[in-house]
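Student: Using the sequences plus the hints, can you model the full thing?
Going down the list, the protein sequences come from chains A and U.
Taking the numbering used here, the leading residue of the first sequence gets 424, the next gets one more, and so forth.
Taking the numbering used here, the leading residue of the second sequence gets 424, the next gets one more, and so forth.
FYI, nobody ran anything at the bench for these hints, they're computed from the structure.
Just so you know, not all the hints are guaranteed correct.
Copies of the same chain look alike in the list, so a pair counts if it works inside one copy or between any two.
To be verified - Under the rule of at most 20 Å between Cα atoms (straight-line distance), these lysine to aspartate or glutamate pairs were calculated in the DMTMM-like manner:
| # | residue 1 | residue 2 |
| --- | --- | --- |
| 1 | K509 | E656 |
| 2 | K658 | E743 |
| 3 | K444 | E479 |
| 4 | K751 | E564 |
| 5 | K468 | E479 |
| 6 | K455 | E590 |
| 7 | K613 | D597 |
| 8 | K734 | E746 |
2 protein chains.
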Amino acid sequence: MGIIVQKFGGSSVATLEKLEKVSEHIIEEINKKNQVVVVVSAQGKTTDRLIAEEKEVTKKVYPREHDVLVSVGEQITIAKLAMLLKSKNYNAVSLCGWQIPILTDSNYTNSRIRYIHNETINEYLRTGNIVIVAGFQGIDENGNITTFGRGGSDTTAVALAASLDAERCDIFTDVDGVYSADPRIVDTVKKIKTISYEEMLELSSMGAKVLHNRCVEIGKKYNIPIYVKSTFERKSLGTLVTNKESFLEDLTINGVTKDDYISRITIVGLENKIGKTYQLFKLLSENSINVDIIVQSFGEHITKDIAFTVKMNDLARTLEILEENKEKLSAKEILHSENLSKVSIIGVGIANKPGVAASMFEALYENNINMHMVTTSEIKISVLVDVNDSDLAVKAIHQKFFETENY
Amino acid sequence: MGIIVQKFGGSSVATLEKLEKVSEHIIEEINKKNQVVVVVSAQGKTTDRLIAEEKEVTKKVYPREHDVLVSVGEQITIAKLAMLLKSKNYNAVSLCGWQIPILTDSNYTNSRIRYIHNETINEYLRTGNIVIVAGFQGIDENGNITTFGRGGSDTTAVALAASLDAERCDIFTDVDGVYSADPRIVDTVKKIKTISYEEMLELSSMGAKVLHNRCVEIGKKYNIPIYVKSTFERKSLGTLVTNKESFLEDLTINGVTKDDYISRITIVGLENKIGKTYQLFKLLSENSINVDIIVQSFGEHITKDIAFTVKMNDLARTLEILEENKEKLSAKEILHSENLSKVSIIGVGIANKPGVAASMFEALYENNINMHMVTTSEIKISVLVDVNDSDLAVKAIHQKFFETENY
Chain A
424 MGIIVQKFGG
434 SSVATLEKLE
444 KVSEHIIEEI
454 NKKNQVVVVV
464 SAQGKTTDRL
474 IAEEKEVTKK
484 VYPREHDVLV
494 SVGEQITIAK
504 LAMLLKSKNY
514 NAVSLCGWQI
524 PILTDSNYTN
534 SRIRYIHNET
544 INEYLRTGNI
554 VIVAGFQGID
564 ENGNITTFGR
574 GGSDTTAVAL
584 AASLDAERCD
594 IFTDVDGVYS
604 ADPRIVDTVK
614 KIKTISYEEM
624 LELSSMGAKV
634 LHNRCVEIGK
644 KYNIPIYVKS
654 TFERKSLGTL
664 VTNKESFLED
674 LTINGVTKDD
684 YISRITIVGL
694 ENKIGKTYQL
704 FKLLSENSIN
714 VDIIVQSFGE
724 HITKDIAFTV
734 KMNDLARTLE
744 ILEENKEKLS
754 AKEILHSENL
764 SKVSIIGVGI
774 ANKPGVAASM
784 FEALYENNIN
794 MHMVTTSEIK
804 ISVLVDVNDS
814 DLAVKAIHQK
824 FFETENY
Chain U
424 MGIIVQKFGG
434 SSVATLEKLE
444 KVSEHIIEEI
454 NKKNQVVVVV
464 SAQGKTTDRL
474 IAEEKEVTKK
484 VYPREHDVLV
494 SVGEQITIAK
504 LAMLLKSKNY
514 NAVSLCGWQI
524 PILTDSNYTN
534 SRIRYIHNET
544 INEYLRTGNI
554 VIVAGFQGID
564 ENGNITTFGR
574 GGSDTTAVAL
584 AASLDAERCD
594 IFTDVDGVYS
604 ADPRIVDTVK
614 KIKTISYEEM
624 LELSSMGAKV
634 LHNRCVEIGK
644 KYNIPIYVKS
654 TFERKSLGTL
664 VTNKESFLED
674 LTINGVTKDD
684 YISRITIVGL
694 ENKIGKTYQL
704 FKLLSENSIN
714 VDIIVQSFGE
724 HITKDIAFTV
734 KMNDLARTLE
744 ILEENKEKLS
754 AKEILHSENL
764 SKVSIIGVGI
774 ANKPGVAASM
784 FEALYENNIN
794 MHMVTTSEIK
804 ISVLVDVNDS
814 DLAVKAIHQK
824 FFETENY
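Tutor: Structure follows, in structure tokens:
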């Protein structure tokens, strides 16, 4: 008897038939005498459709109004799911982000949760209700609607689990867990039974679309066990994301992943003066541009070159901002390469096993794949390759680590 | 320089092209240095579509969740209109009912406004914003979303005009004013330039779909001039609804209207005892059934017959409730007729002009139209006819009053 938070993504709630499946998962927990809080996304392609309609009105994004518009997707789902459960004679109640309320900062389209008031939910649970919560949305201190960006329903779910002191958070999706690579690229993938928050974070930020990054961060901070499960394949056990790294000690790497749509920007001849690098990245952060890999190399004696990657859809704006501030940064030249892909391997203790990087590079070399950039951390190694090489790179690396006996 | 409230209905905001027209009306008032509050409905058939989706989930209506679902329609419109105005470099901000907040009772699907907090809107106006408000929706004291029933955006608009002490409220629609009859039935209709609140109330409740009843009531109570105008025909002056009855003294009747989908229920042999009639209508009111015409005739010495009309879609439920309580009401028999239509004429002082009723009945008699029931009030006369006769009845009556010289 405890609180279980279940989250169902857009593809799990896309149709009425699928909502029926969702209700079965909920009722299963109710039958086990658990209290259930359900977080849902917008149905199917609803959010995409709303954004397409928005683009017809204006090419420019007006963030506050954008959030007012797209937040209706989840509101539709909560109402329907609550109705469905009520029609099956279960007490259910829907709540929008502002009704809970889930307080966030005012960073529209990509806001972060500041505080969740759990009194309303707890009262509904106490009086025997299944509580259906709209994912992805909150309210700022001035009463404006905010949204968390794509995948934000995962964040809602794990944050609620933390706030409600839930036993666990189940993330239901259309895949049945986290895999060692993308099954669409590598056909010999292995499902991971248990993975640490840290590894999952790397997998998430590396382009594995299974879990939203911030949700894993919150899970880690509040130590919430997160199960990634299939909505439709009931037999599958899924993947447990937890803090128990010991499970993994026998494995060297846990997964191979790729992130296409990467572009690299190189700033040539940045003045080699204290504060210039800081100035550069502060400028980008103020404009909400997420910089990923950063490599700094010294050029001529009074200047340095800095290369970093941004997502393809941030490229145009990043270049614009840099050109505007070229003089202020005293940069000589701003270059960029598009159509790159970041291929990474993830695994606890990679840093302590020198053979791992070598094996990765060997797999790429054997397949004639050019590496444009390399970065490493405690638990991952990433290389930048041409996007045309990325599938081959994932396959080759996966084979090297998972399918050969001699590693 | 004052506050103008403009309301645009579903057909006025149905497409992007139409939203462009809407923005022109708004900008016109801004250019006159007015402060503008805009109330909009859901786009085109959005609400119908949502209700169709709801019916796929469950045949039974769960009122709280119904309101959560259908209120998204207006939320989509406010976001789009605010974006459109911002893209034209006007400051605009959208507000949902709960953000204002518009406080209502908890009578989901048909709630009434209790109080409008005007501080948020006034602050946005003060700082130079066009305020775009979602019509048809509010919030109850427990933070639940409520809606006002069909046509409720009119109510939002006039109630806001009252709360903000606006100069006037413009109701933009796809017709260019209030007519003496439905132009689809009578092709010689005359547009009414000015009409009193009372007459408009009768026209509204009689099935003229131009203005929502409650909005006229609020207009009357707070003396808000209401203009009914066309969104698309800019030359037309529209109809002014006001308290100035003097304009109308030269006219005998102001309009002919009909309301199809009426059914009549007759309770035969109700015990002729004090309180029985009260008991009957209290029972129906408790079940939220709106009773319209009531005619009571004494039958045998210890019983009486009562006939009354309800809307067709309330008929089944009304009969069910009456059958359940037949014994308690000590009624002998419950009869009903379907497929009736109420045809009415509206005009100040009808009661004082005996020729009016006679002319109306004469028009029906000349066309062989049978009257099933008659009621009169200070400013209207209604007759119940077969629904198949209703168009002919409206035409005949209209001709009698508006097109013949000798009246």
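Student: Take the hints in turn and mark each one as holding or not.
Tutor: Here is what the structure says about each hint:
In this assembly of identical chains, K509 and E656 lie within 20 Å of each other by CA distance neither inside one copy nor across copies; the values are 25 Å within and 47 Å between. Taking identical chains as interchangeable, the C-alpha atoms of K658 and E743 are never at most 20 Å apart, the minima being 51 Å within one chain and 47 Å between chains. Only between protomers do K444 and E479 lie at most 20 Å apart by alpha-carbon distance; the minimum there is 16 Å, versus 35 Å within a single protomer. In this homomeric assembly, K751 and E564 never come within 20 Å of each other (Cα to Cα): the closest approach is 35 Å inside a single copy and 54 Å across copies.
Both within a single protomer and between protomers do K468 and E479 lie at most 20 Å apart by alpha-carbon distance, with minima of 17 Å and 19 Å respectively. In the homo-oligomer, the alpha carbons of K455 and E590 lie at most 20 Å apart inside one protomer (13 Å), although the nearest pairing across protomers, at 61 Å, exceeds that limit. Taking the closest pair of Cα atoms, K613 and D597 come within 20 Å of each other only inside a single copy of the chain (17 Å); across copies the shortest separation is 61 Å, beyond that limit. With identical chains, the CA atoms of K734 and E746 are at most 20 Å apart within one copy only, with a shortest distance of 18 Å there and 68 Å across copies.
The structure shown violates the earlier hints numbered 1, 2 and 4.
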